[in-house]
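Protein chains in written order, with the UniProt record's numbering: chain A, 1 to 420; chain B, 1 to 151.
Just so you know, these hints were derived from the structure itself, not from any lab. Idealized CB from N, CA, C, for every residue including glycine. One should not assume that every hint holds.
[Unchecked claim] Quick list of in silico lysine-lysine cross-link-like pairs, DSSO-like style, CA-CA up to 30 angstroms:
#1 B:K124 x A:K412
#2 B:K21 x A:K412
#3 B:K84 x B:K21
#4 B:K87 x B:K140
#5 B:K21 x A:K415
#6 A:K415 x B:K130
#7 A:K412 x B:K130
#8 B:K130 x B:K84
#9 B:K21 x B:K130
#10 B:K140 x B:K124
#11 A:K415 x B:K124
#12 B:K130 x A:K92
[What the hints assert, rightly or not] Distance windows between CB atoms, simulated:
#13 A:G148 x B:E149: 33 to 39 angstroms
#14 B:G22 x A:G331: 25 to 31 angstroms
#15 A:L151 x B:E114: 46 to 52 angstroms
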Amino acid sequence: MSLLPEELKKDFPLLSRTVRGGRDLVYLDSGATSQKPVQVLDAEREFYERHNAAPHRGAHLLAEEATEAYESARTRIATFIGGVPGEIVFTKNATEGINLVAYALSNAATFGAEAERFKVGPGDEIVVTEMEHHANLVPWQQLCQRTGATLRWFGLTDEGRLDLDELDTIINERTRLVALTHQSNVLGTVPPVQRIAARAREVGALVLLDAAQSVPHQPVDVRELGADFLVFSGHKMLGPTGIGVLWGRRELLEAMPPFITGGSMIEVVRMEGSTFMPPPQRFEAGVPMTAQAIGLGAACDYLSELGMDRVAAHEEALTAYSLERLGEIPGVRIIGPRSTEARGGAVSFTVDDIHPHDVGQVLDELGVAIRVGHHCAWPICRRFGIPATTRATFYVYNDLADVDALAEGVRKAQKFFGTA
Amino acid sequence: MQLEAMYQEVILDHYRNPHNKGLREPYEGEAHHVNPTCGDEVTLRVHLDGAGQDATVADVSYDAMGCSISQASASVMTELIIGKPVKEAMAIGDEFLALMQSRGEGEPNEDVLEDAVAFTGVSKYPARIKCALLAWMAWKDATARALGEAS
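Chain B with its partners taken away, still in its complex shape (with noise of 0.2 angstroms):
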């Protein structure tokens, strides 16, 4: 079976226990995304420390509903950003972006990536890469919120 491909154990991990999950003050920008196809929901929040360019990201937090994949998605998200600089955690976003739209062909880079290699698997399903970038492009827009850039 391809299950086991794709439900690598460090995302049913991630799953059934959630890091950086729930809503924190303080936060400068906000974003809510939702899946129209099957529902999921994300609400997530960023703190950053400094302004402009040379901003890091102090925290992360989120509400989120949805499947294992982008359940676990968000939290190893989490893991991965907080505490890089903006410009670092963006560059591991786009990184990921590459590796879901690679419809499995993708090399992951590990230095980069860490733990979120282990969604290799789910860019070979198209209907589960949305699940796998929920958490991401909120985090992106959120950022893009709290640096004052969104229209």
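With the rest of the complex left out, here is chain A (with noise of 0.2 angstroms):
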């Protein structure tokens, strides 16, 4: 058992609110949203406080100081998973990297030849697997919808594991890209994302990985992957909202059609039309997140300086002790892998007869946040024939006792409701 220090909870301000009739707050819901530690908060604040002007405008101290505050948030979110500068497109958040990629492909169309490789259309597919989160379903089915191409996608086992007993059918010669998570929000499932990667390679396709749900809980290092294009979000990592990553290799940026367009992605524009400056910036229309980057660059270095393999090891823990918490209560079944191989830390488990919602009302009438509903990710619910799950997740600043606190509640609720 490897666990971080407990005194780096006294980091996050509102850990230490007191909730539903002044019960301690225990928060096991951050994969939704993370807390933030007062060394984020206070990145964001000097920045307002001392900096504050817009980035790669004007030429006035404060605008090259703004500038500068930015684009080393830039540098090092790009040291923190392995990639470079040049390769990070700020977004408001992993779905908008999503959609940004998923919309250059629709309008590669009408981007002349050196979109070409991007175009899709009648007779190609889209693959993605029934474990995605909606943000990675719905914009691949609405690209489809847009171009006439068909999706298509890996099915799950009992055990909440992808199906890749047809991994050479389903990602075929007409596959122009693979959309996948590289770690199931719902489930905790790490796929095999190098397998599938390595057969998307081999008929030239594309791979865009889900890392919403990786970045903050695991050492990632983008070269490893074999992925052409990976996002994440800010609020999950420990840093503000409002602000997400889309990395993608060099090569394919340069060659992207840009999605939003507007100031301070352009090059040249005149009445008859404009050209576009080369990425990361061709990507980032309008005047940019620039605190929340900031913020979410004191985020990484808050996480590097724990050490991202201590923050795997730490959660892998917790997990391996909620699995056995909660699987010993009668009545209680894990929905998503047993073991922690392979596995993250996002927890969901149904009750025997009492509805999700139900179990959550219990559980946060006695402080414990968790989510309850489907997730965001509702095909998952449909595949196992339940219609929600209530789902604990962890992260670096929850402990022992926060499971603890769970597994009781739930029997709590069992107890409440006359199940147990």
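The two chains are supplied separately, each in an independent frame; assemble them into the complex guided by the hints.
Here you go:
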């Protein structure tokens, strides 16, 4: 068991507040959004108090400082995932990053020869999985609708793993892009990304990874994954809301049409038409989320200082303990892998004869904040024949006592509803 | 604990033994509503006696999947409105909607709402109000269809 020091909880002011009748807060919903350490809050505040200006515009001192702070954040975030700054595009969140790529693909039809390789149309196929968050499913459904391409997907095994029996059939010569999660936000499953990416490479398909649940929780090196694009959100990794990242291989970003257009992404503008900046600026129209990017930079510093290996080990210990504590409760069914093998820290479960909403209500009353519902991944619930699940997710500030509070709360719910 | 205030015995009873559940014929209007945040679903049918403003609710049948609050609310609703003139049933629905929007401050009119006053505590929890209203909204929709008012 390798846990992070408990003192770090003191870095998170919100965690010391009480809820529902003065109870201590047990926050087990970091998969939805994480809490923020003072280091991140201070970085944002300091920017607003000392350096606030629009980056990449103007020649005054503040504009210089703002530009430097913004670009320094980009560099540190790039380093955090093993990339280089020119491959880091700031977006609103992971969802926008995925939409950026999906729209670049359909915009390719009218963007000239350099974008030819991104064109999709009838006869082409986009591949996803049944465990995707809606953010990595709906944009591809929409892309297929706009272009006439066909959507295909990998199903799931009963254990909540990807069913890859037909890997070579589902990913084939017609496949243009494979979009999949790097860690399921419901099941916790970590799919064999490298194996899938290798098959995609064989047929010349692009690979996009939804890393919203992996980058915050495990060491990620974009060079090792075999992906072409990778997206994540700042707010799930101790950073602010309103900032996300699209990482893309440089040569791809260079050939890709823009998604959102406007100021600061242009090279030359005439009434008749415009030309665009190279990436990443090409994809960052308008005054960017500067303080948020700086906050995310500070979050990466914070996580790097802890060490992502230690963060992953900490969460693995919590996951193992919660699988054990929840698994031993009669009537509780874990939805997803029962071991920590190729698995992250999202632990979803059902409780016999109690709807997740009602389980959540009892837990909330006890000060335990968990997520109930389909977690923006409705097809998973359909696959397992359940209306919804209760989900606990962990982060650096959680400890074993939090898991105990969760297990105890589930037993209390069973008692309250008379099912145990 | 506030739980008892929310999960009144009436609610738990209706949850465990829902009244009027199951889809039946005949019906003139049907609606399917979902709560997209949690995936709760209800399919609801309305059978009317008579036409227009003078119609009476002859039957309300439904198939639903969801939490105790949404299931109990559907059951209580059918008990309240079956046999009533549509006009009166709509007024009860409006009264219930007002109670749900009262953030726990509402004074429930027991003469009108009967068992549905048990949901007063639910109105303190913004995340659960939609659960209590799901069947009511489906009923309004299905009734509008039955009356030929649906767009």
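Structure-based check of each hint:
A threshold of 30 angstroms between alpha carbons decides the hint, and for K124 (chain B) with K412 (chain A) the separation of about 22 angstroms falls inside it, so the pair holds. Restraint check for K21 (chain B) and K412 (chain A): the C-alpha separation of about 29 angstroms stays at or below 30 angstroms, so the hint holds. Restraint check: the Cα-Cα separation between K84 (chain B) and K21 (chain B) comes to about 18 angstroms, which is no more than 30 angstroms; the hinted pair holds. At roughly 11 angstroms between alpha-carbon atoms, K87 (chain B) and K140 (chain B) fall within 30 angstroms of each other, so this suggested pair holds.
At most 30 angstroms may separate the alpha-carbon atoms for a hinted pair to count; K21 (chain B) and K415 (chain A) meet this at roughly 26 angstroms. Distance check on the hinted pair: K415 (chain A) and K130 (chain B) sit about 26 angstroms apart at the alpha-carbon level, within 30 angstroms; holds. Between K412 (chain A) and K130 (chain B) the alpha-carbon distance is near 25 angstroms, which keeps this suggested pair within the 30 angstroms criterion. Taking the CA atoms of K130 (chain B) and K84 (chain B), the gap is near 24 angstroms; set against the 30 angstroms cutoff, the hint holds.
For the proposed pair K21 (chain B) and K130 (chain B), the alpha carbon gap of about 20 angstroms is at most 30 angstroms, so the pair holds. Of the supplied pair hints, the one linking K140 (chain B) and K124 (chain B) holds, its CA atoms being roughly 24 angstroms apart against a limit of 30 angstroms. Straight-line distance between C-alpha atoms of K415 (chain A) and K124 (chain B) comes to about 23 angstroms, which keeps the hinted pair within the 30 angstroms bound. Distance check on the hinted pair: K130 (chain B) and K92 (chain A) sit about 29 angstroms apart at the alpha-carbon level, within 30 angstroms; holds.
Between G148 (chain A) and E149 (chain B), the C-beta spacing of about 38 angstroms keeps the proposed range 33 to 39 angstroms intact. Between G22 (chain B) and G331 (chain A) the Cβ separation comes to about 26 angstroms, which falls inside the hinted range of 25 to 31 angstroms. A hinted range of 46 to 52 angstroms for the beta carbons of L151 (chain A) and E114 (chain B) is consistent with their spacing of about 49 angstroms.
Of the hints listed earlier, there is not a single one the structure fails to meet.
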